[in-house]
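S.K.: This is what each chain is made of:
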Amino acid sequence: MDKQKLIASLNEIVGPDNVLSSEMDLMLYSYDASLDKAKPDVVVLPDSTEEVSKIMALAYKEKIPILGRGSGTNLTGGTVPIKGGIVVHFSRMNRILEIDYANRTATVQPGVITLDLQTEVLKKGFVYQPDPASQKVSTIGGNVSENSGGPHCLKYGVTSNHVQGLEVVLNDGTVINTGGKARDNAGYDITALVVGSEGTVGLVTKAILKLERAPESVKTLLAIFDAIEDGANTVSAIVAEGIIPATLEMMDNTVMRAVEETIKVGYPLDAACVLIIELDGMPEGMDDNASKIVEICRQNHVRDVRLAKDEAERNVLWAGRKGAFGSVGQVRPSYLCCDGTVPRTKLPEVLNQVIEIGKKYNLPIGNVFHAGDGNLHPLIMFDERDEDERSRVLKASTEILKACADAGGTISGEHGVGMEKLKETAFIFNECDLEFERQIKRAFDPDDIINPGKMIPANS
Amino acid sequence: MNIVQLKKLSYDEVAKCNKCGFCLPSCPTYLVKKAESYSARGRNAITRFAIENKLELNEDTERAIFTCLGCGACTAVCLSSVQTKDLIFQNRECQVDAGFYPKVAKRLVKILEESHNISDEDQEDRAEWQELIKELPEDAFEKETADVVFFVGCVASFFPMVQKIPANMAKIMQSAGVDFTILGGEEWCCGFPLIGAGMPEKLAAMKDHNLKKVAKVGAKTIVFTCPSCYHTWHHFYKSDAKLMHASQLILELIKDKKIEFNKNIKGVATYHDPCDLGRNTGVYEEPREIIKAIPGLEFVELPMNRKFSVCCGGGGNVEMTDPDLSAQVAQTKLASIKAVGADTVLTACQQCVRTMETRAKRSKTDLVVKDLTQLVIEAME
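Chains as they are written, first to last, in this note's numbering: chain A, 75 to 534; chain B, 2 to 382.
Treat each hint with caution, since some may be false.
Here chain A is said to cover these stretches of chain B; the calculated rule only asks that three of the stretch's residues, wherever they fall, bring their Cβ under 8 Å from a Cβ of chain A [to be verified]:
id, region
1, 7–20
2, 25–39
3, 57–66
4, 72–82
5, 130–140
These are computed hints drawn from the structure, not numbers from a lab. No residue lacks a Cβ here, since even glycine has one placed at the ideal position from N, Cα and C.
Using the sequences and the hints given, assemble the complete structure.
M.R.: Written out as structure tokens, the structure reads:
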């Protein structure tokens with residue numbers, strides 16, 4: 075379809091103010107928080123499911139690639155329009171439609187910022203659990219598509235465990251509803267399939283999310299170690315003891331130093347690593363668990379364990395953790411995050427391999443990650459403007475993900491495959507696995523127009 | 002400035018933006034417009050693409066770059082501490098040289114060069130606000146020498162809505178026995194609007210003139226009710242005099258018991274941190290201490306306060322370049338003030354007063370907008 079005609083058609087659907095097509099606007103939708111870039115042909119900001127349906131029907135009729143985008147905080151190129159086409163920016167569809175405290179659900183549009191929902195329900199003593207570090211800017215639509223995790227997902231599960239139903243616009247503009255407010259639903263679990271599909275099977279226009287009571291009490295500990303291995307061993311020892319804390323986060327020296335540049339947390343800058351261990355739930359028994367954790371830390375040569383005295387201290391500890399990714403910009407302007415997961419007991423071994431890979435390619439690597447889940451986030455720091463460095467980074471990233479896969483783990487904990495890790499899917503899937511995924515994709519989108527070129531490598 | 006110069010000046014800084022997007026919800030214009038070009042991340046990307054010759058400066062980039070409020074809220078939440086406001090103003094210089102900048106900016110420069118004030122008024126009328134003070138002999142505040150120069154600023158001198166600010170400040174100082182003078186017709190615009198307009202080099206003449214006039218008075222202290230004049234003197238002037246914002250001087254006067262409060266003030270008030278006073282110059286606590294010293298007044302904080310304060314919509318010359326956008330940002334600000342249950346918003350800036358009061362009137366929002374100087378006078382009487 076001629077571009078001017080496409081723009082005219084979209085103008086009719088959403089009004090000209092909500093169709094962006096200048097060279098500048100296209101450049102500004104060519105990126106997300108990853109290293110990838112590709113320009114769309116047009117950007118559209120719809121305000122309703124009906125408009126999204128019409129946009130999708132148009133894309134279907136004209137065979138134009140189309141993808142959804144929230145705040146563009148993706149780390150693997152999920153919202154980079156590699157095949158051009160239409161980018162649907164959900165920033166205007168940011169309404170909390172209903173909060174049903176009796177049934178403990180919230181129904182929201184995809185553009186709602188995760189923290190905005192969390193702040194709203196907390197007023198009544200409820201929580202929406204998934205807490206990606208980017209929660210203050212990431213959107214529910216993005217969280218659903220990437221199946222986002224976060225520190226508290228160790229105990230409470232990732233986004234897929236908190237989505238009860240969806241409204242999805244299919245490839246031809248048809249609107250379907252999956253799941254619902256009832257917890258058990260008949261038929262295929264389409265909700266589960268759509269969550270984490272990286273926006274490749276349809277556009278989510280509504281989500282019914284699960285709410286829970288906020289925990290009665292919370293205890294946050296900062297355990298300081300002089301050796302990374304001791305920290306890593308502590309993690310598996312705690313879980314082996316049968317205690318599942320709300321969080322078990324690790325941060326190494328490099329990352330702590332970067333964080334302290336912007337947020338004055340008071341991390342011990344001479345330590346090798348820290349663990350942020352949070353317990354939550356009923357106050358009864360919490361002290362016992364905390365004592366057990368302190369004991370395990372001691373057995374693993376902890377230097378010191380500090381307890382956050384109050385909410386303010388707790389908040390500042392978390393501000394540091396959640397700001398870790400962005401903070402590495404204090405060290406080098408760009409970073410690539412390798413989101414690999416390994417069985418917990420393999421953490422020390424794989425962390426050592428990460429250090430070796432950093433040395434091999436002469437690149438600084440910081441570690442900040444969901445240790446309890448075995449979900450590593452080595453942050454390779456570099457300057458995107460340096461081509462040589464950039465190519466070394468990509469090689470190092472592949473090697474790190476290979477190390478994770480070889481240790482019995484996987485290549486994505488929560489950031490998705492996107493376009494960044496397409497070839498690395500070979501580390502964990504065989505051709506039959508991949509072909510089956512392609513069959514599923516074709517069932518939803520035979521023309522391959524919905525976020526094409528993502529998550530599943532093209533048939534070789 | 003051309004692209005090569007911009008690269009030299011801005012490339013390393015703008016490259017620190019790793020596009021994490023944490024600035025998006027802090028950018029008042031993004032929250033209103035909901036498109037990337039109205040966000041800090043988007044504007045930094047424009048600068049970067051321009052430097053890398055991937056994007057030409059044109060009317061579109063002009064619109065994006067000249068609608069930044071210059072409020073600095075993005076940097077307050079930026080984990081890489083990218084100095085976006087500075088980058089935007091540098092980019093504006095480039096836009097100006099490329100010929101893509103708002104017509105109103107061109108007019109502004111001409112007015113400033115010819116009239117030495119932003120309102121294109123007769124300089125002799127600069128002290129017109131004195132008429133608001135009853136029984137005052139003419140030129141009472143215009144002395145040959147004094148300890149303190151009160152730098153009034155253009156907006157408070159010429160906009161009737163906020164002329165009460167200098168009048169009240171003068172009354173406070175007079176009552177406290179401060180030896181002060183104004184420069185009257187010899188006060189020139191500080192040049193702040195030129196920075197926002199992307200023409201900082203034109204500031205020199207104004208700076209030289211004002212420094213010379215202050216030196217002639219022999220003042221050791223210069224006091225400002227305008228945070229932007231105060232900010233400009235702080236960052237762009239080199240003066241040996243002590244620079245004080247009105248709130249700092251008033252607090253000193255309270256502590257020295259030079260002024261006393263005799264009247265209970267009823268109501269629930271909140272405080273709006275002006276960007277150029279708080280985030281951009283670091284004055285957060287003095288205004289709060291003054292408010293807390295006022296008998297009877299109940300005080301509530303806005304959820305976004307101090308360095309996270311949200312701009313009123315009056316910053317960055319946006320009121321001139323895109324009045325609708327400025328008004329929409331102001332409306333959002335008013336909503337956040339009403340949400341904390343305040344019947345009064347206090348601030349310490351004539352521009353914030355103007356922006357919020359105008360918006361409150363137009364939208365029929367039931368809200369009293371007051372500069373701190375007015376609150377102080379009311380409690381003193």
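S.K.: Confirm or reject each hint.
M.R.: Evaluation of the provided hints:
no.: 1; hint: 7–20; result: holds (count 6)
no.: 2; hint: 25–39; result: holds (count 6)
no.: 3; hint: 57–66; result: holds (count 5)
no.: 4; hint: 72–82; result: holds (count 4)
no.: 5; hint: 130–140; result: violated (count 0)
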